[in-house]
Each structure stands twice: as C-alpha cells, then as structure tokens.
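Q: Protein chains in written order, with my numbering: chain A, 1 to 504; chain B, 1001 to 1510; chain C, 2001 to 2098.
Because the hints were derived from the structure by calculation, they are not lab data.
Each hint should be verified, as a subset may be incorrect.
[Said to hold, decoys possible] Label pairs and their calculated CB-CB ranges: (1) Glu1359(B) with Ala380(A): 52 to 60 Å; (2) Pro305(A) with Asp1121(B): 53 to 61 Å; (3) Ala246(A) with His1216(B): 24 to 32 Å; (4) Asp1271(B) with Thr2073(C): 57 to 65 Å; (5) Glu69(A) with Ala2079(C): 33 to 41 Å; (6) Asp1006(B) with Gly2087(C): 38 to 46 Å; (7) Glu1319(B) with Asp423(A): 38 to 46 Å; (8) Gly2086(C) with His1163(B): 57 to 65 Å; (9) Glu2067(C) with Glu69(A): 45 to 53 Å; (10) Thr2073(C) with Tyr378(A): 40 to 48 Å; (11) Val299(A) with Thr2073(C): 54 to 62 Å; (12) Gly2087(C) with Asn1387(B): 57 to 65 Å; (13) Ser1316(B) with Val2050(C): 21 to 29 Å; (14) Val2050(C) with Arg1322(B): 31 to 39 Å.
[As the list claims (entries may be wrong)] One side of the interface only, derived from the structure: several residues of chain A facing chain B at Cβ under 7 Å: (15) Ala108; (16) Gly205; (17) Ile207; (18) Asp245; (19) Asp330; (20) Met332; (21) Ser336; (22) Leu373; (23) Tyr377; (24) Thr397; (25) Phe400; (26) Glu401.
Ideal Cβ positions, reconstructed from N, Cα and C, are used throughout, including at glycine.
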Amino acid sequence: MTARDLTRLTALQMADGLAAGEFTSVELTQAHLDRIERLNPSLNAYLLVDAEGALATAANVDAARAAGEDLPRLAGVPVAVKDIACTRGLPTTAGSRMLEHFVPPYDATIVTRLKDARMPILGKTNMDEFAMGSSTEHSAFGPTRNPWDLERIPGGSGGGSSAAVAAYLAPLAIGSDTGGSIRQPAAVTGSVGVKPTYGAVSRYGIIALASSLDQIGPCARTVADAALLHEVLAGHDPMDSTSIDAPVPPVVAAATGTRDLTGLRVGVVKEIAREGYQEGVSRCFEEALQHLRDLGAQVVEVSCPHFVHAMAAYYLIQPSEASSNLARYDAMRYGSRTTPEGSPSAEQVMAASRDAAFGDEVKRRIILGTYALSSGYYDAYYGQAQKVRTLIAGDFTAAFEQADVLVSPTTPTTAFRIGDKLDDPMAMYLNDIATIPANLAGVPGMSIPSGVADEDGLPVGFQLLAPAMEDQRLYAVGAALEARLAEAQGGYVFEKAPEIEVQA
Amino acid sequence: MTATTDRTVPYADALTRYEPVMGLEVHVELSTATKMFCGCATEFGAEPNTQTCPVCLGLPGALPVVNRTAVESAIRIGLALNCRIAEWCRFARKNYFYPDMPKNFQTSQYDEPIAFDGWLDVEVPANEAGEPPFTFRVEIERAHMEEDTGKSTHVGGATGRIHGADYSVVDYNRAGIPLIEIVTKPLVGAGDRAPEVARAYVAALRDLLRALDVTHGRMEQGNIRCDANVSLMPIGSEVLGTRTETKNVNSLRSVERAVRYEITRHAAVLDAGEKVFQETRHWHEDTGITTAGRPKSDADDYRYFPEPDLVPVAPSREEVERLRATLPENPAERRKRLQGEWGFSDLEMRDVVNAGAVEVIEETVAAGASPAAARKWWTGDLARRANADGVAVTDLGVTPAHIAELDGLVTGGRLNDSMARQVMDGVVAGEGTPTQVADARGLELVQDDGALQAAVDKVIAANADVAEKIKGGKVQAAGALIGQVMKEMRGQADAAKARELILATLGVEG
Amino acid sequence: MSNLSRDDVAHVAMLARIQLEDHELDRLAGQLDQIVDWVGQINEVAAADVPPMSHPLPLVNVTRPDEVRPSLTQQQALANAPDPEGGRFGVPRILDEE
Ligand SMILES: [Mg+2]
Ligand SMILES: [Zn+2]
C-alpha cells in the first residue's frame, strides 16, 4: 500500500491492518508525518508536530506486536491532540500568546489514556485562543484553513483538529466542546464530531474555558472511528470531581451494530431546525430526515420553547466562568510577562501582561463575564442565565419523552470566508445557535456530514442529540444514517473534498 | 502615612461614652495530611515550593478534589460550636487578584456555609483591676471551608515590610492548606471588658480546636489567625457605627491589645465629630498600634459564584451524628469536672492549665498516682527541669507511669521526698524506671529501728544543750537534731520517724 | 440605549486586571454594549420560582481520602516561572496586603 493509501484508511481499517501485519505503525505514522510536512504550511492545522515522540511510540508498538503482546485496539493508530490538553514536556498554548512558551509538567488524563492506548501522538492542533471562537481565526498563531477551500474557516474552536482529520493529517483527533467546538468544525469540514455527556470524559489537564460546559470528545471521519476513540477517552477519573462514575455506554457496539431504525422516534426541534438556514443546509437536512424515515424511523416535530434564549444564557454563563478560569493567567508563576516602564507593581505587571498577551475576543469575554458576575448585576445576568438553563434542561426532558433522539442542522450555514465575521462578534456567536443547548443541559451531541450544499459545494452537518448517559443512541443512529447516505451519495461526504493545492 | 498621627483617648474615658461592638473572624489551619483540594503534603517548614502540584499552583487545566477529612473536621468544628450543619452546601469562588493566590480566586464558601448559627460560652477570668470572672456567650454566625494562600517574602527596601519593598518572592507550599473560617455575630454588651472577651474567646476557641485534634493550634506558626472588627455605638444609641477590620492579630495578647487600641482610636475620631473610615487596619505588635491599610473599595467586588469544578457537599444526618459521637468533652467543662474530682483549688487548677498539664495529670492519676502528687511533680519539679532545658514537660522522657510508680515508692515508705528527687534525676537521665534507679543507686529508707535509735542516741549525746531545750518544751528545736540524725543515716531515713524517736527518747509528747 | 458606558468597561477591565489602551477601549466598549444589550433580553425570561442550575450533573459528595500524593519537584514547579529566585517565584512589588 502507498503512503497516500495509508492515510486514506479509516482508523478502524488502520487498526485492523496493523493487527494483521499489513503495515507497521512506524509506516503509518510516517505517512501522516510526511503529509503533515507537505500540507500543514497551507492548512496551519498543527501548532506543533512531535515526529520524534510519535515515531518512538509507533516503534514501540511495532516491537510489542512483533513480540506477540496483547495490545489495545487502537495501538499504533496515530492521533492529534487539540492544544487545549496539557502534554508533559510538550508546549501547550491553548492558542494564546500568554502560554506561548508554557511547557506543562503533567499530562491531562485523556493524554495519559491515549498513551495507555499506545496511540502515537502526532502533535498539537490549532484552536481559537482559549477555545473562544467558531472559526479558529482567534488563534494567536494564525488561522487554520478549511481543506475544502483554503479561503474558508474550518470551524472553531477546534478548527485545527477538524482540518487535520478532514485533510488526512490524522485519522483521529481530540476536540473540546463548550458551545459546539467539536460539532461545528466537524460540520463545516465534512467530518464527524461528538460531544459526550457532560462528565463522561475527564477534564483534568484540559485548559478550562467554562467548567460547567466544557466536554472533551472525539473527532474522526466516520462514526465507528469516533466510537473507538470515545471508548479510549471516556471513563471515571478521580482527579475530576465532575467525572461520571458509571460504566461507559457501549458506543462501539452501537456504531457497528444494526442499521435498522424501525420504531425509533426522531424529534425535529422546531426552534433550531426550520428557520434562518442556508438553502443547501436545509435541503441536506430534509434529505437526511427522509433517509431516516426510509430506515424505519418515525420523524416527529418537537418544541423546545426556551431554546431561543439559549444563546443569551450561554453568552452569560460561559464568559462568567471563563473570566474566573482565566484569572490565573497573570504572568506571576508562568505565562508571558510584560513589564511596563519604571518600577511597576505586581498589579500593573499583571494588567499589562494580560493586555499584551490576550487577544480581543478573550478580552471581550473576560470583561463581559466580569461584568455579569459583578456586584449589582449578578442576579440580572448570571443568576438569570442559570434559571434559563433550568428551563432549557426541562425542554430537553419533555422533548425526550416524545422522541429518542433530537435532530437539527449542526450549523446555520456552510463554512464562511476567513475574515467575514471577524469584526462582528455577534454574527460569529450565532454560528453556535444549534449546538449550544446541549452544552447548557449536559446532554450528548454528534455532528455527521449529511451532504454537500449545491450552491457552494461545501459540506453540511447533521446534528443528533440524546439524553444524558445515552451516548450510544447517537452512535447507533449516526452510523445507520452515515451508511445510508454513503450508499445514496456514492461514497462518504469526506471523500468528496478536493485535493489540496500545495502553496508555493 | 498617617500611622503615628492617629489620636486616641484614654480607654476608661472612651467607655463612658461608647459601647464597643466586635466581630471576630478566626481562620484555622487544619492539621490534615494533605491540602484542601490536592494531595500535596502540608508539612510546616519544608523547602519552598516542594509541596506543590498543578492543582495548588493553579496550572492550566488542573482541577480540585475535596479532602474528605477536611469536610469532617469542618463538621466536627461546627458541632462543637453548637452550630447547625448544612444539609446541602457548595463551594464558591471568591475572585480577586493577588500574587500569592495561584488561581486568582480563592475556593471558599459564600452564602452556603457548612455550619451556621452556633454559640460558645467563654469564661472571662478576673482582671488586674479586680473585676470578677464572668461567662460571655459568643454567638457564632458561621464556619466555612476554604483554602490558604501562598506566602510572600518582601525583598529590598528599608524595612523588609511590604511597603517600600523592591519585589517579593512567593512560596506556594502553604497555598491550598485547608482553612476553616469561623465568624462571630456582632458581640455587644461586653462594655469595658470587650477586649478581654475577645482574648478569652480566641483562647477558648483554640482550646476547643486542640481538643478536637483538628489543628496544631500554634498561633505563632499562624495555625490560628484572627481578624478583629471593631465599631463603637454611642451609649443609648442602637445604630451600629462604622467598623474597621484589623487583620492578622496573631497572639492572644495582641487580640486584646488591638481591640483596646481600636476602641480608643475610634472614640477619638468620634469625639472630634469625624467619621470612622471603613478600611482594613494592620496591627503592629512592636508599637501596639494599628495603621491604615486598604480602604474598602471596588476591589472588594469579589464576584462570588458557585465553584463549577466541584459538586455540592450534602452530609447525611447519619454522617453528622456519627461525627457528633466523636466530639470530645468541651475543654472548659472538662476542666471544671477534673478540678472537682482532683480536689484542686482554683489557683492550683489555673497553674495546671497554664502549665498545659491537664492531660498528663489525668493520665498520671489514671496510672495510680494521687492527684496531689501528680500535680506536684508535673507543675513543680518536672516543670522546673523542663524550663531549664527549654523543652516541653512531656519531652523529658518521664511518663505518667513513672510518676505513678515513684509516688507508690514514696507512699509505700521506701523513699522519702529527697530520695524521690534523686530517683527522678536518674529517670530523666534515662537510667530506667524509678524502681530500677532506686535499686541501682541503693536508695532505700533504712527500716531498721535499731540503727536509727543508735543515731538518735548519738546525736542527743552530742547536743545535750538542745536536748534540754526540747525537754523544756521547745519542741520545734527538734528540727536541728533531725537534720543531724538524717546526716548520720546518710539520708536513708524517714525524717518523720526520726522526729518521733527523738521526742520519745527525750520523753516529750510530739 | 446604552447599557454599558466606556467608563463601565474601563472599570470592569480594571477589576479583570486588563490594562486596556484607549483605542482598545473605544473598540471594545461599543461591541460590549451591543452584546450586553443582547444578553440582557434574558432578564424577563425566567420566573422567580425557577431554580438556578449551576451544573449539568446531579452529583454530590465527591471527595478524596486524606492521603499524600507526590508533589512536583521544586525545579518542575518553577520551570515556567518568569523570574524564579532561590526556589521561590519572583513577583514585582506588591502594593498592599489582602
Ligand atoms: Mg475567608
Ligand atoms: Zn498540590
């Protein structure tokens, strides 16, 4: 098999090929490193490539396999890690100048799990600074470009991971989803992204954006691949107080099981599915619904009346928690220190360092969150947002009495052009209108590609939502729909991406 | 700075016009093995920044997990202070920037403390002015859990203090050590005894916390730190005055002095028709005054909100009752009970308490010694030895069992008091148990009356003049002869028996 | 209607320890006013009796035993410090005690 062929395999095929001795992990890893070297200058998906570390793990796995050792399913399959996860000895920036030179002395729990699964870590992927954004344009280290069209955004905040997966620079990647940062990038790059139930995956060592919303999850090209990575990542962690202490839902079994959806009730959420969407997005959505019906599902409309307030609640809760989580970046113990002229006080050095090292979007949200928590405003803003959160969770509970899964388009539009919304924060925020309710309620969500919009030839995402702890439903329905779409469309959506032109 | 220009009025004078109102906030460092939210050790005096981890350094991505023992300690403290224990409460973030606080928020509790609405009865002793002892009930507002900050050392400048320093260096070993903050309700009605009440409260609280075994309780090491709020109300008024908060008053004596000083300073401000400025004050141990610190300002907008990285604490009622069953007797009540059992006078009991010898005497009595002997040894001979060596009385190597054994040797007639002290020399020197020392040193009262009679006869013969005086009725002159008899016997005689024999030989009634 | 004046933004930025320059303040103030205006719509949504939800999980009493775990070495702790000195973190002069 050629190196190009190796990178085109699904993670499942890679795992099987490695197990069958068809190729080695070093070959597989090197194939990805070669492709990264060629294409990353155009895409800027990776902020850091750890060729040495990845090849060492690969060689180790190959030796173990040769020695007949029993290995985990994904042993030797490479993975990319969003630069939001701390990696011991490898710089971890969260896309910020503030942490440009920060080298963590510890691994995030999920990084330990990847290492325990013996997966070579290719490098760290680009992201909006501290995960604040929907386009990866807010990275301090330059935007990531969408493999479908280099002039367009790959989504955000996890645009580096989605672009890496979509461009075959990694079969699998880690994402973090606070308001849609896994699902929205998956949608606009024609890949699969899953936000598990809140608490299903440890947050220990993940640079926090908003603690009560953040969730780590898999990025992949297929639903089954996502399931394999999901099972590596998920599970109880005593280092995270909000980690669920219960068995991981059987997501791999669900993703590889029956394609028959007879009896399944699919709820279309009126408030996030029918209005204000790009034409091609709506068309792909309606087609996907028809495919679900064809698979035996019953499609019903449900109403979640408080979802219209989800955006406002989210843009109070998330900045509030972020303003506190990001207070530690004061350049006293670590981080980029800026010392003004004269003999400045600690207070002045903190304020100057934070001004110099934070980008505009981070400053906007810190100020917004500080304001929402400040004395005299707490009840009207943060307190009120938390009540709305209760109402949204109640909407979900009611909706899940009528339907087993809820669906919507993942995003209102396909990938927009780089620069288009940079100076209009409000327009940028509205990208996450369909993804945010799941974060507020803590329920799991998935985006799979459902087709390509006629008007621009760009991929469209289809969102599935399930009740908390029922992540396997997403995988069962997602895999069935994915297979049906591939049949109907003559291949997977991600295969339709044009070959990337290498910049001169 | 206005430090030295603050006016004060004489204390007694102030009290004729104003009623002091106090609020005391005490921070207690728990003696858990690990920190509040991480597994780092809490050893005092370790090399700087060797007891830190991603969590307590506030590194990116680190998350807190609550120390179970700290929660149990908080509940036990709440119960001992007669508080109600929350059925459900949360941690909250108190947001403010400060270099010794790694996350720039303190994980604390806000409107949902683990314990609330309690009280502690405080015995205020008689004072030098001759005012009598009395009991004051301190109402407890709340006790909540939080974490300590790191420790800054200020470098450069003339004073080594924070003002004028060139820069500071920070050690985060202390950052994250569990604290319980205990806040009183406003204390009114103590009048001129208010500063004494403050001191007695902190002392009683310290004793209670030590008895609970939840803190090392060393104020000099900062295990217990007190902030004293003081305001004055014109007598007859019911309107609370503006308060000041004097921070970090860290000895019992300072608590009393700082409150007293603030009363005299506030009175001077109010007398001049001015307003007390709401601010924090710094206490200066050396000069006995407070100076202005930070005014209350916008910086006090702490933006509290529920800590999203932690889940609520909801102690079951069974758990609370299980912890209640582990509470020791209240130290003040216990002292009263023991004083009665031991038959000590108030003065004797105070000596025992001041010597920190209550527990050891209790153990010594339990081992079989009489309370009087136990007290005499531990607060007398042994206290002097410990003092001379600069060690604690319990660190001399002498055990309650040793004392009980020695007391048995005395009451059993084998040793007299001076021999017992010689035996103690040997025990302290590590020569063995009292019996072993007495055997090895050949210390034993001579039980042979013949030898003693011979010595008596010899001494009477040599001191005919004294013998005549005794016969003439000056019985107290026998003392001179006893000494000589003891000398003849090389100390190995019972002095009382020698006296008896001298008098009998001379035909005098004792 | 303006919810958030330029002075308000400057004040909140001070609370958040961000020393905004004048031109940044001009730019951010307008945007923030618009955003606050928009999120403010939430004000009338929930009735007083709706309980606030601060967390998606109904967990309580997650604790750990009081057992010592290894700490970082002093060298590891200080590895990212901008200005370490004698095993401690060097910080600029501190204005007042908290
Ligand atoms: Mg406090
Ligand atoms: Zn620690």
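Q: Each hint should be assessed against the structure and marked as holding or not.
A: These are the hints, each one checked on the structure:
1. Between Glu1359(B) and Ala380(A), the C-beta spacing of about 56 Å keeps the proposed range 52 to 60 Å intact.
2. Pro305(A) and Asp1121(B) have their C-beta atoms about 57 Å apart, which keeps the hinted 53 to 61 Å range intact.
3. For Ala246(A) and His1216(B), the hinted distance range of 24 to 32 Å is not satisfied, since their beta carbons lie about 40 Å from each other.
4. Take Asp1271(B) and Thr2073(C): their Cβ atoms lie about 59 Å apart, and the range 57 to 65 Å holds.
5. Separation of Glu69(A) from Ala2079(C) is about 34 Å and conforms to the stated range, judged on CB atoms against 33 to 41 Å.
6. For the hinted restraint 38 to 46 Å between Asp1006(B) and Gly2087(C), the CB-CB distance of approximately 39 Å keeps it satisfied.
7. At about 56 Å, the CB distance of Glu1319(B) to Asp423(A) disagrees with the hint of 38 to 46 Å.
8. Roughly 22 Å separates the CB atoms of Gly2086(C) and His1163(B), a value that falls outside the hinted 57 to 65 Å.
9. At roughly 33 Å, the beta carbons of Glu2067(C) and Glu69(A) sit outside the given window of 45 to 53 Å.
10. Our hint of 40 to 48 Å for Thr2073(C) and Tyr378(A) holds, since their Cβ atoms are close to 41 Å apart.
11. In this structure the hint that Val299(A) and Thr2073(C) lie 54 to 62 Å apart at CB holds, the actual value being about 59 Å.
12. The hinted range of 57 to 65 Å is not satisfied by Gly2087(C) and Asn1387(B), whose Cβ atoms lie roughly 37 Å apart.
13. Between Ser1316(B) and Val2050(C) the C-beta distance comes to about 28 Å, which sits within the given range of 21 to 29 Å.
14. For Val2050(C) and Arg1322(B), the Cβ-Cβ distance of about 36 Å falls inside the hinted range of 31 to 39 Å, so the restraint holds.
15. Given the 7 Å rule on beta carbons, the hint for Ala108(A) holds: about 6 Å separates it from the nearest Cβ of chain B.
16. Evaluation of the Gly205(A) hint against chain B yields a held restraint, the C-beta minimum of about 4 Å falling below 7 Å.
17. Restraint check, Ile207(A) versus chain B: the minimum CB separation of about 4 Å is within 7 Å; hint holds.
18. Using the Cβ-Cβ criterion of 7 Å, the hint placing Asp245(A) at the interface with chain B is not satisfied: the shortest such distance is roughly 11 Å.
19. Using the Cβ-Cβ criterion of 7 Å, the hint placing Asp330(A) at the interface with chain B is satisfied: the shortest such distance is roughly 6 Å.
20. Hint status for Met332(A): holds, given a least beta-carbon distance of 5 Å to chain B, under 7 Å.
21. This hint is violated: Ser336(A) has a C-beta 13 Å from the nearest C-beta of chain B, more than the 7 Å allowed.
22. Annotation: interface hint on Leu373(A) holds; nearest CB of chain B at approximately 4 Å, less than 7 Å.
23. At a threshold of 7 Å, the smallest CB-CB gap from Tyr377(A) to chain B is about 10 Å, leaving the interface hint violated.
24. Here the hint on Thr397(A) is broken, as its CB sits about 20 Å from the closest CB of chain B, past 7 Å.
25. Interface hint status for Phe400(A): violated, as the beta-carbon distance to the closest one in chain B is roughly 23 Å, over 7 Å.
26. Nearest Cβ of chain B to the Cβ of Glu401(A): about 27 Å, over the 7 Å cut. The hint is violated.
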